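Construct the complete structure from the given sequences, taking the supplied hints into account.
There are 2 protein chains.
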Amino acid sequence: MGAKMLDIANRAGTSIAAVSVTLNGAKSKTLGVSPATREKILQAAEELGYRRNPLAGSLATGRTHVIGFMLPSVEGYSDHDPFYTLVANGITGAASARGYNVMLYTATAENQGLRAARMIDKRIDGLVLVSPPSSSPIYEECERQGIPVATILGDDTATGPHIKSDDYEGGKLATNHLLKLGHVKIAHLHGRFGVSTTLPREQGYKDAMSAAGSSALSVPGDFNRNTGRESTLKLMALPEGERPTAIFAANDLSAHGALDAIRECGLESPKDVAIVGYDDTWYSTVVQPTLCSIHMGVADLGRRAADLLISILEGAYIVDTHPVLPVSLVIRESSGSPRV
Amino acid sequence: MGAKMLDIANRAGTSIAAVSVTLNGAKSKTLGVSPATREKILQAAEELGYRRNPLAGSLATGRTHVIGFMLPSVEGYSDHDPFYTLVANGITGAASARGYNVMLYTATAENQGLRAARMIDKRIDGLVLVSPPSSSPIYEECERQGIPVATILGDDTATGPHIKSDDYEGGKLATNHLLKLGHVKIAHLHGRFGVSTTLPREQGYKDAMSAAGSSALSVPGDFNRNTGRESTLKLMALPEGERPTAIFAANDLSAHGALDAIRECGLESPKDVAIVGYDDTWYSTVVQPTLCSIHMGVADLGRRAADLLISILEGAYIVDTHPVLPVSLVIRESSGSPRV
DNA sequence: CAGCTTATATTAAACGTTTAATATTAAAAA
DNA sequence: TTTTTAATATTAAACGTTTAATATAAGCTG
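Just so you know, the protein sequences line up as chains W and D, in that order.
No gaps in the numbering here: position 227 of the first sequence is 543 in my numbering, and each next residue is one more.
No gaps in the numbering here: position 226 of the second sequence is 542 in my numbering, and each next residue is one more.
It is possible that some hints are incorrect.
For chains that are exact copies, the list does not tell them apart, and a pair is met inside one copy or across any two.
Derived DSSO-like pairs: lysine-lysine, alpha-carbon spacing no greater than 30 Å straight-line [as the list claims (entries may be wrong)]: (1) K438 - K320; (2) K522 - K356; (3) K356 - K438; (4) K587 - K496.
None of these hints come from the bench; they were simulated from the model.
These figures come from a predicted structure and were not determined experimentally.
Shown next as structure tokens:
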């Protein structure tokens, strides 16, 4: 139906090769096109309303100009978390700015292995993974297929590029904020073990505490609301004097659970207990009191990952394949700080 | 690198055509393969670890087995709304169950027209659009390219399949719930005009009110939190006796704004004003009080759209191209109803 | 057994690009 | 003028499938 290169070549009175080189960047070392023919070809293309067929191009070059984006399979959780929408937007934005398309995959129990392999087969040039399980078979599969993988927020044991947020600094930032507000007994509601962000955030907290001469108190958490609530209930049950007056939670969701617990105990935040969360998710502004949180530019993670991946695909020399993106403190009601 | 059909043909001592027919469904009318050769081919494929190259297949057939999914461009809004993640999950789920992949696009101001066309070019078999502007150039472009478009929650003027939720019934359901709780003065915070869900929801509200012999009162809204807040402030300023004791908001976000306003007036929900929202978004459970809302199975919208689209692509006879998915009422604190 | 039909196979032409290997022409150098 | 180099072009072979058009052999029918 649509015009193809042959049609253009015929109309312009040239060869297909000249058309190919003219219409796309000259890849050939030995082929030059004179300004005159170039002009004829461009005009013919214009007149015929030529549209390149990317499929044919991909078959010939082995490059699809498509990168994959695999959503993790945290059942009934990823579903509702705005986090991934943000990452997705970052990825599609950066990709489309560089002329790439994005293929969306959802990881499920079955497709962790072979299914994924089949889906990926030759269809994408590279893959972006978000906080994958540390030993996903997808890595091997991509290596076999020669597809670079950029990982966001996973273990950085992987060979490919790895984008993460400065969790250690975030932990410090949150803790120092509470310390500066005069709190001494600050508890930390830590994240799920096995998730790469958990330890650095806790370490930042510990270092800030010991630098201030306060003793640290970490309590169990797993990033979920209810676990945050339960751990906080235990904290609130501590005898007066030992009870923390502030809590730094490893994410907003568990901070939210902490707020539940505080309310249940007849206490009030930030008056009785100050809270700082982590992620600055959208619901930080929905919760009552609004949640003071560490912001980590989620969309930037996606943008950066896509950008890095594409640079690698295009053979650029990469200075830093393991960037650590900066975090910032977003002050809201729950920390009891006067707005700055 | 990997084995191709030619390699299999050589090893099995047959022709490429036999391999193609054996390994994929027999499309040819005139080609049969005996059980014996079939077996040889399958074994050779197994031994060589054959993987089909979908690109080459697509080039030959003109079918990619990829459907597109375009996120709308509502700046700074779609970013944060878990709604689209749910839709996306529904789509990828249904697509992958039927052997299709999903290409993710983000609509932006520039790519509404030509950019989108370029991106789509030959890469996808069909497209799913979510609440697109009623006269998007994308429709024309897809028509030109012969690509069917399934629309979720848009105007159903489009020729293609259209999946929507039963907004009229939802409006009725919400209103009847409040009526049954004894409310007489119930206001409706309507949605943005021009969005297809706005009018039916309002009509359902009006019909339920008039059936109950109450008079309707619709106030301006646009699905946003602050507008919901402002309209509600005006409602609360009405003289006692005229002030509504309940509000049905066209979505959860504006319901949330209504809660803001109620709190600002020193009132309390549900004690002073009962609220029912719409969408049953994730933050319905985050807000205080938790938000009674109409649930519309967002993931189902995506699932159904993908399913319908693929059926059309595969030439199935479609009974209902404009399904209306059922809604349900999710009772939570803000309506002041005892849990059922 | 000639003449059909059916089952089973192969050939070769697409699909629309890219690009290495040549070929031709023109300009510069000797 | 002849030779060398550079610029500009074409040819044709990939890339890996699908499928229409044939071909061959075997099994029936009368």
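Evaluation of the provided hints:
1. When the C-alpha separation of K438 and K320 is checked against a cutoff of 30 Å, the pair qualifies both within a copy, at 24 Å, and between copies, at 13 Å.
2. Proximity of K522 to K356 under the C-alpha cut-off of 30 Å is found in neither arrangement, the shortest distances being 70 Å within a copy and 65 Å between copies.
3. Only between protomers do K356 and K438 lie at most 30 Å apart by alpha-carbon distance; the minimum there is 26 Å, versus 35 Å within a single protomer.
4. Taking identical chains as interchangeable, the C-alpha atoms of K587 and K496 lie at most 30 Å apart only when both belong to the same chain, with a minimum of 16 Å there against 40 Å between chains.
Checked against the numbered hints above, the structure violates only hint 2.
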